[in-house]
Amino acid sequence: MVRQCEHCGERRQALRRPKTGHKVCRECFFQLLEDEVHETITQNQLFKKGERVAIAASGGKDSTVLAHILSELNTRHDYGLDLFLLSIDEGISGYRDDSLETVKRNEVQYGIPLKVLSYKELYGWTMDEIVKEIGRKNNCTFCGVFRRQALDRGAALMKADKMATGHNADDMAETILLNLLRGDIARLSRCTAIMTGEEGALPRCKPFKYTYEKEIVMYAYFKKLDYFSTECIYSPNAYRGYARDFIKDLEAIRPRAIVDIIKSGEDFRISSTARMPVQGVCSRCGYISSQKLCKACVLLDGLNRGLPRLGISRTRGIKSTKGVADIDEKSTVAEAGGNGFSKKLSLEF
Amino acid sequence: MAACAGACDGCSAGDASHAIGDRRLDIARSVCMKCKEEAAVALANQTEPMCAQCLRSSILGKFKTVLNTHALVSAQDRILLGFSGGPSSRVALEFLAEIRSEALASRALNAPGFGLGVVFIDEGLAIGTSREERSRAVDVVEKIVSRLELPLVVRRLEEVFDDDNQEDCATQLKNLLDSVKDGTGKEDIVEILRMELLEQVAKKEGYTKLVLGLSTTRIAARVVSATAKGQGFALAAGVQYVDSRWHAPVVLPLRDCATKELALLCHFFHLETLFLRNFSTLVEPSASTINSLCSNFVFTLREDNSSRDHTIVRTAGKLTPFSFNHLAPSNGDSRSMRKRRGVKTELSNSGSNMEALCVLCRAPVDGRSQLEDDPRYCRSCTLQIVDDSKVCNLLPRHIQARRAGQAWMKSQIEEFLL
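Here the protein sequences come in this chain order: A and B. Residues 1 to 349 (my numbering) make up the first sequence, in order. Residues 1001 to 1418 (my numbering) make up the second sequence, in order.
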């Protein structure tokens, strides 16, 4: 027996919403999801009229759907934003080269200009080369730290006022859980913020903070959006996998639990006097850092000197004096990556 | 299941598990690291190979340290131990009995010669265990406790309804549980009723402190499940050493011990324990409750890093506690005396504001984000237990009679007060 959509009562049901369990038609689903994102954007005042916004785009489902929905809402609700896509090439063959093709197609499909920055040009190393050097443990640390800086540098180069990332509710829940498991109370207090770095030159926001990953997939599927669906080839070893599996099981018992975890994270009573890192500037590249050298410089230094565990488990030997024989042809961070760093950029590692 | 090979900072589990694997092989040949005489039989504190006797003294040492540093128990106290039959409460029973008899024997001035009693709550009706199984369990408990020559109180969970007629109590409990649709909510309401009953027993029999054998592992599971239920605000309340929301404050002397080492202790010293079913025992994981999912999660994490539960509890312990997470000052317990004994826990100021509490689970309620429906219940109870007003009416009368606190009402109108 064919049932009618619980929202409009006219068209027939096509799906059950993972977030709410409501049985709705396709059109209503699109509208409900888009309205919820619009609600998140307006209630949290994520954007201002006339802002130039970089959409961090990997070619995966989150960033593809983000690009699609943002450009849609930009028109529909007259946000007045100047959007462009920013993509980072980590140099993972068989993964990133394919997903970049997707982003290039997105550039055409949504009519949003694209800028690609690579680890090779910024740091002199691709992820494949890094993994060869350090193995498959802790490579996520390198990639994450480098990517963060790369995105900031790219956005600064392109004169963006703000960056939007596709972090969804599942990501937020995983991160909260991860910080709880690792005892990182400082990160725990900051990780639920929907916008970070407002004091700096390049705030970042997460319009998908309350959007379920399953619903993003559903949206892309029904809209026949073009995205790259393979996981990073190095991801099976990541600790985040524990949290991810747990959340999948949790969602099966109670779909609401994902948003509940986020709510818990927002409500945690964390004393504001808890040890927070003091923001300074990296003495070598000028990037924001809480230590004398920013993490990217430390990691890069370790790579260049053949000390792969420098900055991971080894602290002896981190040199902060300038003019240290950094040796080789592999460029340091300061030389590559442009000069958009005279402005103070906010960063939380 | 993604096996952790420690692919990110803060968790070099790959190295650790490799080392622990080595250590496991070595235990067969290694010597207790404490006494250096006997052969090691188990790992204490996650990584230290010890013989059975040193394992016992290590755990007993932790137990006593917690009691002393946080002044959980004084000589004037009458302590009631909530005994479930599991390894944690069995160890608590053993140690409390031992400390007490030592104190009585020594008659030293500052040694606590506290009163000690045991209570066992039979939840068989809620879980659905057979009458034979239930009476067998009670027999085992009676045997254990009588051997230690301690007073025992046995209560059935349905007695929380405080009706003279036992049949009526049983019916009321069944009706309440049937009306709660959510599986996790059902499990939680059973726990709430258990605590209510424990409080009633303590009050009636004149006990001044309630000891629960909650271990690090179980508290870690609670931290995760509270997070998953949206109880982040109240989470800090239930993870400290002291919880004074109850008529007899609840203290957790085993908070620093993992379930595993407590179970090992019971094994090596032949301390008899009881296995009791719960809602999730015979249920498929996909249909189980959030509580059991979180408990399994913590155990899975421990396989990769045996200190993970400690890290979780330590993190949760850093959240700002509430005013009731301190003990009220008692006679002969001046500040200077506490300082001299090296006591850490703060005393609560008698004049401090009491937080508004949910009338059901006593979770402190965040005045700002309250669901409009019924101010008496916290958001979590509203969503998973009392989602239907029918359920409200089936709760024990004394719970229904509780009103929304003054503190909550004030928080709602504070901005208008001149």
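Calculated from the structure, these hints are not laboratory results. Here the structure is a predicted model, which means the values were calculated and not measured. For every residue, glycine included, the Cβ atom is placed at its ideal position computed from N, Cα and C. Worth double-checking, as some hints may not be accurate.
[To be verified] Okay, the calculated bits of chain A under chain B, using three or more residues with CB under 8 Å as the criterion:
(1) 245-251
(2) 259-272
(3) 280-292
Consistency of the hints with the structure:
no.: 1; hint: 245-251; in the structure: holds (count 4)
no.: 2; hint: 259-272; in the structure: holds (count 12)
no.: 3; hint: 280-292; in the structure: violated (count 0)
Taken one by one, the earlier hints fail for this structure only at number 3.
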